[in-house]
Every structure is written in structure tokens, then in C-alpha cells.
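Enquirer: As you go down the protein sequences, you meet chains R and S in turn. For the first sequence, the positions run 1 to 166 when my numbering is used. For the second sequence, the positions run 167 to 841 when my numbering is used.
Calculated from the structure, these hints are not laboratory results. No residue lacks a Cβ here, since even glycine has one placed at the ideal position from N, Cα and C. Any given hint could be a false lead.
[To be verified] Ranges of calculated distance between the beta carbons of each label pair, as one might list FRET restraints:
| id | chain 1 | residue 1 | chain 2 | residue 2 | range |
| --- | --- | --- | --- | --- | --- |
| 1 | R | Lys105 | S | Ala296 | 34 to 42 Å |
| 2 | S | Gly336 | R | Asp28 | 52 to 60 Å |
| 3 | S | Ile208 | R | Cys36 | 40 to 48 Å |
| 4 | R | Thr113 | S | Glu482 | 31 to 39 Å |
| 5 | R | Glu165 | S | Glu482 | 51 to 59 Å |
| 6 | S | Ile208 | R | Tyr29 | 24 to 32 Å |
| 7 | R | Gly125 | S | Glu292 | 26 to 34 Å |
| 8 | R | Tyr29 | S | Glu711 | 54 to 62 Å |
| 9 | R | Gly102 | S | Gly336 | 25 to 33 Å |
| 10 | S | Thr171 | R | Asp61 | 32 to 40 Å |
| 11 | S | Leu298 | R | Thr83 | 18 to 26 Å |
| 12 | S | Leu298 | R | Thr113 | 37 to 45 Å |
[Said to hold, decoys possible] Here are the simulated lysine-lysine pairs, DSSO-like style, with alpha carbons at most 27 Å apart:
| id | chain 1 | residue 1 | chain 2 | residue 2 |
| --- | --- | --- | --- | --- |
| 13 | R | Lys87 | R | Lys33 |
| 14 | S | Lys750 | S | Lys713 |
| 15 | S | Lys280 | S | Lys244 |
| 16 | S | Lys515 | S | Lys574 |
| 17 | R | Lys33 | S | Lys377 |
| 18 | S | Lys666 | R | Lys31 |
| 19 | S | Lys656 | R | Lys31 |
| 20 | S | Lys377 | S | Lys514 |
| 21 | S | Lys558 | S | Lys280 |
[Stated by the list, open to error] One-sided excerpt, in silico: chain S residues whose CB lies under 8 Å from chain R:
| id | residue |
| --- | --- |
| 22 | Ser268 |
| 23 | Asn331 |
| 24 | Pro343 |
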Amino acid sequence: MGELLKEKICEHCNGSETEFGEIDAIIDYYKGKDGCLIQVLHAAQGVYGYLPLPLQRHIADSLDIPVSEVAGVVSFYSFFSPTPRGKHTIRVCMGTACYVRGGKKIVESLEKTLNVELGGTTEDGKFTFEIARCIGACGLAPAIMIDDEVYKQVTPSKINAILAEY
Amino acid sequence: MINLTINGKAVQAPDGSTIIQAASLNNILIPNLCYLEKSHAIGSCRICVVEVEGAKTLQASCITKAKEGMVVKTNTDKVRNARKVLYELMLSDHNQDCLACSRNQDCELQELGKTLGIDSSRFEGERLPALLDSSVSITRDLSKCILCRRCVTICNEIQGTNILNAQNRGFSTVIGPSMDLELGEVNCAFCGQCTIVCPVGALTETSSTEKVWKALNDPDLRVVVQIAPAVRVAVGEEFGYPAGSRVTGKLASALADLGFDDVFDTNWAADLTIIEEGTEFLGRVKAALTGGQSLLPIITSCSPGWIKFIEHNFPEQLGHLSTCKSPHTMMGAVVKSYYAEKIDIDPKKLFVVSVMPCTAKKFEIERPEMMNDGLANVDAVITTRELAQMIKTAGIDFAKLPEGEFDKPLGLSTGAADIFGVTGGVMEAALRTVFELVTGRELPFDKLHVEPIVGLDGIKEATIKIENTLPEYDFLEGVEVKVAVTSGLKNARVLMQDVKDGTSPYHFIEVMGCPGGCITGGGQPRSDDPEVRSKRLRGLYDEDESKTLRKSHENPSILAFYEDYLGEPNGHLAHELLHTHYTKRGVYNELDSALAESEDVKKEETVTVKPEVEVSPMAVQLHKRDISGAKAQQEVNAVHNLALESENARLKSEVEDLEKTIETLKKVIVDSSNK
Numbered sequence: 001m002g003e004l005l006k007e008k009i010c011e012h013c014n015g016s017e018t019e020f021g022e023i024d025a026i027i028d029y030y031k032g033k034d035g036c037l038i039q040v041l042h043a044a045q046g047v048y049g050y051l052p053l054p055l056q057r058h059i060a061d062s063l064d065i066p067v068s069e070v071a072g073v074v075s076f077y078s079f080f081s082p083t084p085r086g087k088h089t090i091r092v093c094m095g096t097a098c099y100v101r102g103g104k105k106i107v108e109s110l111e112k113t114l115n116v117e118l119g120g121t122t123e124d125g126k127f128t129f130e131i132a133r134c135i136g137a138c139g140l141a142p143a144i145m146i147d148d149e150v151y152k153q154v155t156p157s158k159i160n161a162i163l164a165e166y
Numbered sequence: 167m168i169n170l171t172i173n174g175k176a177v178q179a180p181d182g183s184t185i186i187q188a189a190s191l192n193n194i195l196i197p198n199l200c201y202l203e204k205s206h207a208i209g210s211c212r213i214c215v216v217e218v219e220g221a222k223t224l225q226a227s228c229i230t231k232a233k234e235g236m237v238v239k240t241n242t243d244k245v246r247n248a249r250k251v252l253y254e255l256m257l258s259d260h261n262q263d264c265l266a267c268s269r270n271q272d273c274e275l276q277e278l279g280k281t282l283g284i285d286s287s288r289f290e291g292e293r294l295p296a297l298l299d300s301s302v303s304i305t306r307d308l309s310k311c312i313l314c315r316r317c318v319t320i321c322n323e324i325q326g327t328n329i330l331n332a333q334n335r336g337f338s339t340v341i342g343p344s345m346d347l348e349l350g351e352v353n354c355a356f357c358g359q360c361t362i363v364c365p366v367g368a369l370t371e372t373s374s375t376e377k378v379w380k381a382l383n384d385p386d387l388r389v390v391v392q393i394a395p396a397v398r399v400a401v402g403e404e405f406g407y408p409a410g411s412r413v414t415g416k417l418a419s420a421l422a423d424l425g426f427d428d429v430f431d432t433n434w435a436a437d438l439t440i441i442e443e444g445t446e447f448l449g450r451v452k453a454a455l456t457g458g459q460s461l462l463p464i465i466t467s468c469s470p471g472w473i474k475f476i477e478h479n480f481p482e483q484l485g486h487l488s489t490c491k492s493p494h495t496m497m498g499a500v501v502k503s504y505y506a507e508k509i510d511i512d513p514k515k516l517f518v519v520s521v522m523p524c525t526a527k528k529f530e531i532e533r534p535e536m537m538n539d540g541l542a543n544v545d546a547v548i549t550t551r552e553l554a555q556m557i558k559t560a561g562i563d564f565a566k567l568p569e570g571e572f573d574k575p576l577g578l579s580t581g582a583a584d585i586f587g588v589t590g591g592v593m594e595a596a597l598r599t600v601f602e603l604v605t606g607r608e609l610p611f612d613k614l615h616v617e618p619i620v621g622l623d624g625i626k627e628a629t630i631k632i633e634n635t636l637p638e639y640d641f642l643e644g645v646e647v648k649v650a651v652t653s654g655l656k657n658a659r660v661l662m663q664d665v666k667d668g669t670s671p672y673h674f675i676e677v678m679g680c681p682g683g684c685i686t687g688g689g690q691p692r693s694d695d696p697e698v699r700s701k702r703l704r705g706l707y708d709e710d711e712s713k714t715l716r717k718s719h720e721n722p723s724i725l726a727f728y729e730d731y732l733g734e735p736n737g738h739l740a741h742e743l744l745h746t747h748y749t750k751r752g753v754y755n756e757l758d759s760a761l762a763e764s765e766d767v768k769k770e771e772t773v774t775v776k777p778e779v780e781v782s783p784m785a786v787q788l789h790k791r792d793i794s795g796a797k798a799q800q801e802v803n804a805v806h807n808l809a810l811e812s813e814n815a816r817l818k819s820e821v822e823d824l825e826k827t828i829e830t831l832k833k834v835i836v837d838s839s840n841k
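Full structure from sequences and hints, please.
Expert: In C-alpha cells, the structure reads:
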């Protein structure tokens, strides 16, 4: 199982030694404070877009926390991602209301349009495609979110127009 | 004392007790699963819940402190029902292929079901696919894991190796290294302490019993077995003996009955280790005291979990390690050279099995350094637990066996070797020999036990003043030799940090990877006796005291081995057979030359401490015993020198070739840059 992962990571670091200096100031600021790991991971994902193993190791070493613990936190929270993410994140709401009003059809249609499976990232790295459990916009069902933007009463026919904005 | 009521009875318990402790002191047993009294009380499994009057919910008795006037009920309908549901939920996503599990009938989850009177679950949870991670030493079967987190505590809090932690969430939760890496890919020391605490079959040693059965059934192989000191005071527990019982004689008989052709004792090689390591120690101290170059403290190298740990975590400090191989690999090397010659057999037809209290030894024998003439020193390592299993499978009635003996010549050992299995033992054995060689007097301690370093404390130290030395050791006159002893990798890290910072005050440090030493190694029987460590410790000291010969340099078989075959301690042949080098690995294996493809890189990145050229001090002593057969030894040395010279010539010509190539390449570069 590890082999596959190494390949995945190396694809993006080109096998070279990766430097993560950009977050060292953040690490220095948080180091030694209770609960600092999540803050640092949050910042690191903001800077690098995702949290590959070499970055997790850098954070583990800098904060003096075992990397197995860092990876445990990364894999526990769904908003942390160890694999590269697209420039934009599409979240299709699958809460009860959206589901009933056709959320599933939107998922199928997006899979076809983007040519990517649920949870994956498009080949051009533009979109990461996920589902969300209710985004609190039940009155606008079915709804999708792209980054922080909410789109209401989406139908498969509207999708191309929405994606064209990005 | 606290006064409280448990199940209607007024009871007392010491201040600070938890409910489960207070109940147990008053003979009320509360069922539990994840709880380990001294090391793991986090209330994760909740099986030990009880009703506490005034509390809104049931309380986990392993983490709830008993309080004055508390009223506790441990056996109400509510409590029993809660435990039942909890147990059923645990079963709901547990791989219940019990008949095919190595822990069948020795499983704490099974035992708990019996205690609670539950034999099936109403629930069906989402199960992990069968995920098997099998390293050389340890196998993880994640479908059996019940997430009790005992292994996480052992790995992080006790050993400080920090390999295992909870990953993912919900039904996908697994205990393991980061990012689904396998144990064999990370900096796991393979100490195996996790396999001892695992209540189920999720963490076990990687079995080698099939390999051993196959060798035993092969008519072309002569199968040699050796047992480590700590096995003889623990294997009895698997056959109903109390913890710490000495069953050496029966063990020797059992091994013969299993069909091993030669039953040798790793103790013999432990005595050999003392001669080699003692010589190395005196050599380094002499160099340090007489202005030469020398790296102190010297650190013991018998524990392969410790070796892998230092290679990962302190790769720049490997020069401090003694170059001695561990005793069982020394034994393997001797069996396939000296013994093969003695009984006139092709070493390829010898199969050496080591019975060890250790899971890391399984990794150790796979190291490329543990080979001589293309043959592995040791072919298979089985743990104490695996041996017990083999004895049971073979239908041997252990308790009724006669008291057997080890075979000659590699079965004779002194008491100093017995204590190799317990923290402080290697140091004491070394001091018994070194002190006597240097001063001509016996080590001045009651029963020869260096009292400050006996016992189960994590870090121990002693200072021994050397006075009135023999003339050839006058460089040690008045020197206070400072030694430290530690066991458990977290403690070892503390001492190593000082070594790294250059502030370590010691000359000699003994490190054993498992807390308490090999007596509670990762391959030893699992015990529910809280005093198991001290009982096994006592067992080994008793074994030592029961012998007439108690100092390694008094072992006649060892002396004969030097005379007939090896020559001098730390001599050329000794270096070839009995000494090794270490590999810089790094925390993330980033330095590991074993992963690099190029042979050259491998050579560069390994550290070898060069043999002392001058005649070693202990050799002087051995010569004094009037060694006959010095001629034979000279011949061996002559052959060895020739071999070294030719190797030297070959390397020189290789270097010349390389230099020529470099010149040519330089010209090409100059030419092309001119163009």
C-alpha cells in the first residue's frame, strides 16, 4: 500500500528535495502551544494546497510530534487532504432536501462533464469534486457550492454554464 | 484511606485509587479489556463501566477515581446490559474467523465474551477488508484490531518509537504508521512490545515455524538450535509453570525431542561476546587515556531492536556502538565455520535456528552484514511463544520431560552468560571479567552482583574505582570507570541525547531495547502476572548463582576455542566472524543504503570501527595462559594477511582506473567547452 502512495507523492514533488520554508514562521509562532497542530496544518494546506507526506514530516519534525500522529489528524479531518486538490472545489449537497430534489442526478452529470469520479480531481487540476452533507441551503435545493459560492436550484442543463465561470 | 461502598459492602482503598483498583483490592473483579494497570488506563473500550450513585451516566472504572463516601454498583442490570451492547458492537466489525487465528483460546476478547456470557452479536458492522501488513518481524492483521490502543500507548509512551497511531475515522479507523505505510517501510525498531500487549490477533510475530519444521524434516540438513538466556525462565509459563520458573533442563530435552541435531546454548556465545566486547572496551579506554583517538562511551550491541532504533534516530552516533555481533549471530557464524570444520560437514548443509525472546532478531538475521562466505549466520529465528507452540504441536509433554543437557562443545556457559537476558546483566558480566583481568582480583561485590545496576529501573548507573592494577594495565590506575545501564527505547533516547550533545559522563553503556531487558522481550509469553518482570529477573540471577563458573573468561570451552581456532580476541578472524558494522538509516529511512541501488553508496554510508592494530590487552592475558596451537593461529593469520593484501591491490588498481576515467572525462569537458 505504501508503494502506490510514494509514487503519488513523487509525481508532484518531481523526486526533488522539497523545501517547506514558507510555513516555518507559522510553525515558530504556534510551537509549544496546546492544540497547535491543527492550526499549522490549516495554514500549511492554505500555502501548499494539500499536505503530502514530506510536508507532514517537516511539520512533525518542527513541532516535535510523531509523524504518525500528524498523519492521524490529517486523515481524521475530511478538510485536510494528503493528495493534491484542484484549484476549485465543487461540493454537491446531498443533504435530505437536495437529495430529494435531484442531487444525485447532478453528481452523475458532473461526473460525466468533468470526466472524474466522486472525490477525485480533474486531469487539468482545475476542479476537485466532492459531496457535502447539507450546506444549509435547503430552501434553494438542489444546491452546489464551488469554493465559497453557492448555486441554487441547479439542474444538469445549467452545469456547463456554471462551470464556464471558472 | 478512602471509605466507599461497592455492591453494598463498606470497603477501604488507598488515596488516589481508581474504582477498578479499589474493587480489586476488595476481591471484586470488574470485567475490562483495554485496561493495563501500570501503563494503559484511558477508558477507551468502556467495558469496565459501573454505576456510581449521583453520576448521570455509567463511569469507566479504570479512570474514575474512588472518592470518600462513593457508592458504586458493578453488577446491576444496567451495567450488564451496557457491557453486552459494547461487546456486541466490538464484535460487529471484528474478523471472527477465530478458528484460523493464532490467538484462538489465548484471546482476551474471547475470554471477555466468556466472562460476560455472550457468544454472538446482534449487530453487523462495516468490516475492513483483510489488510495484512507482514514485515520480517511483526505482522499486523487490521481486520482483527479492536482499537483498544494499548499498542499506541506502548509504542509512544513506553518505547517512544512513535510508529503506531490511529489513522482515518469511523469504520475506516486503523492503528498504524502514517499514510498507510507498512511497518517494514518506517522506522519501527521491531521491538515487538506491541505484540505482547495486543489483546487479540491483530499484532503478532511473523511466524517462522513452518520454515523450521521444513528444515527438521529435510534429511539433507543438519539442524542446529540455540536458545537465548531469557527463554529458559519464561517458556515454562506456556506449560503452566509459575512466572520465572527455570526450566533449562526440560528445554534442552524438548529441543532434542523436536528433532534438532545439535542443541547448543546462546549462552556460550554470550561468554564469547564478553571476551570480544571486553577487549574492545579496554582497547578504546586505553586509547582514550593514552592520548589516542577513541570514541567513548562504548555502547552494547546485543539488542537488535536497540540497534535499529539508533540507526534511525541517532545515525551519526553509530561509532559508539561495540562492533560485536549479537551473541546468537556470533554462534551462527561459529557453527558454520569452526563447528562445521570440526565435524567435517559442508556449512551449506547446516541450518541454524535461534530461539529468542525477541521479534527484532527476525529482522537482524536478514541484515546483509550477518553473513559469512555467502551464508547467513542464522537461518531462522523463532520466538519463545513459537517454540512453545512447536512443542505442543509435536505432542511433547513438557512437564514430564527429563532434565537434559546442552550438547558439546557449544553448550557450556558460565553464570555471566545467564544474566545477559536481564537489564544490567551484560554490564555486570563484562565488569566481572574486565575488573579481574585488570586487577587480578574478583569484582568486589556481594555474590558478584553490581548492586547499583541490578533491578528494573529505567536508567541505572555505577562507578567503579580501579586501584592496584596489574602492571600491563597501569594506564587504568586510579581511574573511576563510569557505567550506565538502560532498558526500554524511550530511556535509551535520554542517554543517547547526552551522547549526541557530548555531555555523557560514561565510559560504557548497556542498552536493551525492551523495558527490563530480554526477560520481557517482544517474543516472550504474554503474562497476566503483574510481577512477571521481577520473577523472571530473579530466575536468571538464580540460574547464574547456581553455577560454579560465573565469569566468562573462566569458560574452558571458550578458551579452547581461542586456542584451537580463533587466535586473539579482536584479531583478524574474530573481526571477520564476530564483528559487524551498522547502517545509517534516518528517521524516515532517508539515509538507508539498503534502499539505494548502488553498491558504492552502500560502502560509503556504513560505519565500521577499524580493528585495533596493536595486540589487545585481553589477548595478552590469554597468551599468558600459555596457548599452544599458536602455530596454527599464525598460519591462519598469514592466510588472512595474504587475502587482505590481494584485496588491497585490487582496490588500488580500481582507484587507478577510476582516476584515469576522471581524467578522460575532464578532457572531454574541456574540449567541448572550448568548442
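Enquirer: Provide an ascending list of the numbers of those earlier hints which the structure does not satisfy.
Expert: Violated: hints 2, 3, 4, 10, 13, 14, 17 and 22.
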